[in-house]
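S.K.: What follows is the residue order along each chain.
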Amino acid sequence: MTLANAIAGIIWLGISAYAVFGGADFGGGIWDLLAGGPDLGRRPRALIERAIGPVWEANHVWLIFVLVYLWTAFPEPFVSIATTLWIPFTLAALGIIFRGSGFAFRKWANTVERQRVYGAMFAGASAMTPFFFGAVAGAVASGRVPLGNAVGDPLTSWINPTSLLGGVMAVVACAYLAAVLLTREAVLDDMPDLVEYFRVRSLISGVLAGLLAGGGIFVLAADAPSLFNGLTSPRGVALIATSALAGLSSLWLLLTRRYLAARPAAAVAIMAVLWGWGAGQYPWVLEDTASIEDYVASDPVLWAMIVAFGFATLLVVPSLIWLFRLTQTRSLGDGEIRKDSTEALMRDSHEQA
Amino acid sequence: MVGQFAADLNLLAARNQMAVSLGFHIILACLGIGFPLITLIAHWRGLRTGDSHYLELARRWAKTMAVLFAVGAVSGTILSFEMGILWPGLMGPFGDVIGLPFTLEGVSFFMEAIFIGIYLYGWKRLPARVHFLSLFPIVLAGIAGSFFILSVNSWMNAPAGFAIVNGDVVDVDPWAAMFNDATAVQYLHMLLAAYMVSGFLVAGVYAYAWLRGRRDRHHYLGFLIPFVVAALAAPVQIVVGDTAARRLIDAQPAKFAAMELITEGGSNVPLTVGGLLIDSEVVGAIEIPGLASLIGTRSIDGELPGLDQISQDELPPVNIVHWSFQIMVGLGTLLLLLSLYFGFHWWRRRALPERRAFWWASSGAGLAAVVAMEAGWITTEVGRQPWIVWQLVRTEDAVTAANGVVWSLLAIVVVYLGLTAATIVALRRISAGMRTGGEVATPYGPPPEVER
Numbered sequence: 001m002t003l004a005n006a007i008a009g010i011i012w013l014g015i016s017a018y019a020v021f022g023g024a025d026f027g028g029g030i031w032d033l034l035a036g037g038p039d040l041g042r043r044p045r046a047l048i049e050r051a052i053g054p055v056w057e058a059n060h061v062w063l064i065f066v067l068v069y070l071w072t073a074f075p076e077p078f079v080s081i082a083t084t085l086w087i088p089f090t091l092a093a094l095g096i097i098f099r100g101s102g103f104a105f106r107k108w109a110n111t112v113e114r115q116r117v118y119g120a121m122f123a124g125a126s127a128m129t130p131f132f133f134g135a136v137a138g139a140v141a142s143g144r145v146p147l148g149n150a151v152g153d154p155l156t157s158w159i160n161p162t163s164l165l166g167g168v169m170a171v172v173a174c175a176y177l178a179a180v181l182l183t184r185e186a187v188l189d190d191m192p193d194l195v196e197y198f199r200v201r202s203l204i205s206g207v208l209a210g211l212l213a214g215g216g217i218f219v220l221a222a223d224a225p226s227l228f229n230g231l232t233s234p235r236g237v238a239l240i241a242t243s244a245l246a247g248l249s250s251l252w253l254l255l256t257r258r259y260l261a262a263r264p265a266a267a268v269a270i271m272a273v274l275w276g277w278g279a280g281q282y283p284w285v286l287e288d289t290a291s292i293e294d295y296v297a298s299d300p301v302l303w304a305m306i307v308a309f310g311f312a313t314l315l316v317v318p319s320l321i322w323l324f325r326l327t328q329t330r331s332l333g334d335g336e337i338r339k340d341s342t343e344a345l346m347r348d349s350h351e352q353a
Numbered sequence: 001m002v003g004q005f006a007a008d009l010n011l012l013a014a015r016n017q018m019a020v021s022l023g024f025h026i027i028l029a030c031l032g033i034g035f036p037l038i039t040l041i042a043h044w045r046g047l048r049t050g051d052s053h054y055l056e057l058a059r060r061w062a063k064t065m066a067v068l069f070a071v072g073a074v075s076g077t078i079l080s081f082e083m084g085i086l087w088p089g090l091m092g093p094f095g096d097v098i099g100l101p102f103t104l105e106g107v108s109f110f111m112e113a114i115f116i117g118i119y120l121y122g123w124k125r126l127p128a129r130v131h132f133l134s135l136f137p138i139v140l141a142g143i144a145g146s147f148f149i150l151s152v153n154s155w156m157n158a159p160a161g162f163a164i165v166n167g168d169v170v171d172v173d174p175w176a177a178m179f180n181d182a183t184a185v186q187y188l189h190m191l192l193a194a195y196m197v198s199g200f201l202v203a204g205v206y207a208y209a210w211l212r213g214r215r216d217r218h219h220y221l222g223f224l225i226p227f228v229v230a231a232l233a234a235p236v237q238i239v240v241g242d243t244a245a246r247r248l249i250d251a252q253p254a255k256f257a258a259m260e261l262i263t264e265g266g267s268n269v270p271l272t273v274g275g276l277l278i279d280s281e282v283v284g285a286i287e288i289p290g291l292a293s294l295i296g297t298r299s300i301d302g303e304l305p306g307l308d309q310i311s312q313d314e315l316p317p318v319n320i321v322h323w324s325f326q327i328m329v330g331l332g333t334l335l336l337l338l339s340l341y342f343g344f345h346w347w348r349r350r351a352l353p354e355r356r357a358f359w360w361a362s363s364g365a366g367l368a369a370v371v372a373m374e375a376g377w378i379t380t381e382v383g384r385q386p387w388i389v390w391q392l393v394r395t396e397d398a399v400t401a402a403n404g405v406v407w408s409l410l411a412i413v414v415v416y417l418g419l420t421a422a423t424i425v426a427l428r429r430i431s432a433g434m435r436t437g438g439e440v441a442t443p444y445g446p447p448p449e450v451e452r
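Taken in sequence, the protein lines are chains A and B.
Start counting the first sequence at 1; every next residue gets the next number (the numbering used here).
Start counting the second sequence at 1; every next residue gets the next number (the numbering used here).
Derived from the structure by calculation, the hints contain no laboratory data.
Keep in mind that a hint or two might mislead.
[To be verified] Beta-carbon label-pair distances, calculated as ranges:
| id | chain 1 | residue 1 | chain 2 | residue 2 | range |
| --- | --- | --- | --- | --- | --- |
| 1 | B | Ala421 | A | Gly36 | 27 to 33 Å |
| 2 | B | Asp397 | A | Pro161 | 35 to 41 Å |
| 3 | B | Arg217 | A | Arg325 | 34 to 40 Å |
| 4 | B | Leu417 | A | Gly215 | 39 to 45 Å |
| 5 | A | Leu40 | B | Thr333 | 57 to 63 Å |
| 6 | A | Leu40 | B | Val2 | 51 to 57 Å |
| 7 | A | Val317 | B | Asp397 | 28 to 34 Å |
| 8 | A | Asp288 | B | Pro386 | 47 to 53 Å |
| 9 | B | Gln309 | A | Val117 | 55 to 61 Å |
| 10 | B | Pro235 | A | Thr313 | 38 to 44 Å |
| 11 | B | Val165 | A | Val317 | 35 to 41 Å |
| 12 | A | Pro318 | B | Gly330 | 33 to 39 Å |
| 13 | A | Ile217 | B | Gly433 | 51 to 57 Å |
These figures come from a predicted structure and were not determined experimentally.
Glycine residues also receive a C-beta, built at the ideal position from the N, C-alpha and C atoms.
Bound-form chain A, shown alone (with noise of 0.2 Å):
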């Protein structure tokens, strides 16, 4: 294993840790989105808005972590992909934008109107920033990306067949891993209908997932004949078979409503393709334009990212895993209040008062 594949990996574990946490919060927005009206959708809404609520930006900060990590220990493959396609990656921060914010207005819109609105925008840039995320990695993957300052078509670079799978997939695997986790969300919160709800959309959506894979098989055949050629390779057939058992296996989990295991099958499902991406394209980071060890950065660099990456995963991963279980517990949000909560406090100290 060399330095520039450690560090690849590192980078593939982000995207794929992105893909799931960020995906699955991209997938909450989709839904709403399909929520329906006012009062046809409200209940979904509410549960979505609970389950995002103390974990989305959280969930986000892995895009940060892909972006410098890419531009840290491949430079010059990284902006050669920011300059050709910034149309999309502009497009995938306005998207960021009208997504956080419309959140977070919401809560506090005066009309029922003006909610739709910051509604509208929350979730329609849910759905709308994964495509474009999808698009840029479909991009990348069929070998429209030349090195260097803005070299590669503005348009057709992100505009061709197997952009067109990545994103579409992108969005489809954003509302699949998101409904499976809703059907759990909606069984710790006792609303059974709820859980019929996203039991049945997760299952459409991962069919779909899976048909869309299957067949963007053939599309990379023919739009992308490097990529495809690497996912002949024995790993990349092997990840394609774990992606599929993974998507079946989750089918089936839905299936016979066992919703808690659900959860890391259909993540594994979804990484499974990210990886099968990944071993595609090695040693490439530029299909076909730029080698992993040839545009790589010098050894200093990568052994401080290998530092600062395992300072991180010191810090982070035993932090995240708290607040994902105090979410899960229900210990965050409302619900009885604590005899020892701060809330209980004030409330003992009122009645002194």
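Fit chain B to the known structure of chain A by using the hints.
M.R.: Only chain B this time, still in chain A's reference frame:
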């Protein structure tokens, strides 16, 4: 000719897009650093004294922070995109040199995001001690994160940790890059600015309420805590600021000469207050003999750099730099005087001042602190021009070659105007809700009653 015009337009658009997104985000960043500290003090006092007013304040401030952190997070994310989209000539050759501090800053963001979630949502169902302790990582992450990001900007002014051999960047040492000559002073200067902006902004809200007759214990404490934080930072800031400026005399003489509008370098340099440089002549300034040398070198005979010593193609936009610098110093000095007045009055009477002038000034101190901070950033960024990396890479050589940056600039301006308006509306609704005494839901938080 059209090609050159397009390139110039691109550069102008890229510069302004970066300026708009940075100028907007930096205000939220200040609040992200300072507001949790202010809240921690209130929360801590609440637990210590059992006085529920403190905890009421903390809870209301938490709701405000929820909106501010959301807007801050999204406006910050776009900045990391823009580094690559707009400035490939910086990130391409040097992305690996400055990547380490960005990574560590990312760790800070993670800690902030995780623990702000815990603090905002932990009022009812976490043990009080755990809930309180969750504030500490947020405060520490703000202190650490600002160090890392400021080290990057410092590096742009004082590049270190690499060598250039035959046009290639080699011998990269990310740690030396991070701990460059400008890091310490730039970091301290920004950290103190963050506390001043946060303190004066929050206190200003309560100062204005005080003027409108709301003078209960809640407003008393709501003013006192943030104001003291800012007032303690102000005198230290003057010292740090002075140190930061004097570093420039040798390190970035063009920036210094522009800041002080010194046309002729040498000794016994007068302080030029105001004025404009028009056709190499200073017009309309008030000149105080010897004072610039005195302040800058502690001696009237001290040597200061002048614009005459800088070649034409390395001059920054002098008037912008000069005015932004003096606006910053002027406002900073006024804020110092306000803080000293308060401190003196408190020392004598142990009570809040009575004079309406003090309360009017305190109401506006937040805006003054924000303007001073922005002016400071304009001074250092515009003063570094034409360089994006001091004396190594010109900004015009670092910009993207893609056409159409003017469209993303337009989009950013429109979106950020809307974002500013929406943020102000949301904050006003939060405070209105607080005034009516109703229990209001946290933005993007769970509804007051769980729907079954």
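S.K.: Now tell me if each hint is right for this structure.
M.R.: Structure-based check of each hint:
1. B:Ala421 - A:Gly36: 27 to 33 Å: holds (29 Å)
2. B:Asp397 - A:Pro161: 35 to 41 Å: holds (36 Å)
3. B:Arg217 - A:Arg325: 34 to 40 Å: Hint holds: Cβ distance 38 Å, inside 34 to 40 Å.
4. B:Leu417 - A:Gly215: 39 to 45 Å: holds (43 Å)
5. A:Leu40 - B:Thr333: 57 to 63 Å: holds (60 Å)
6. A:Leu40 - B:Val2: 51 to 57 Å: Given a distance of about 55 Å, which is inside 51 to 57 Å, the answer is holds.
7. A:Val317 - B:Asp397: 28 to 34 Å: violated (41 Å)
8. A:Asp288 - B:Pro386: 47 to 53 Å: violated (37 Å)
9. B:Gln309 - A:Val117: 55 to 61 Å: With a Cβ separation near 57 Å, Gln309 of chain B and Val117 of chain A satisfy 55 to 61 Å, so the hint holds.
10. B:Pro235 - A:Thr313: 38 to 44 Å: holds (41 Å)
11. B:Val165 - A:Val317: 35 to 41 Å: holds (40 Å)
12. A:Pro318 - B:Gly330: 33 to 39 Å: violated (47 Å)
13. A:Ile217 - B:Gly433: 51 to 57 Å: This hint holds: roughly 54 Å between Cβ atoms.
Hints 7, 8 and 12, counting from the list given before, are not met by this structure.
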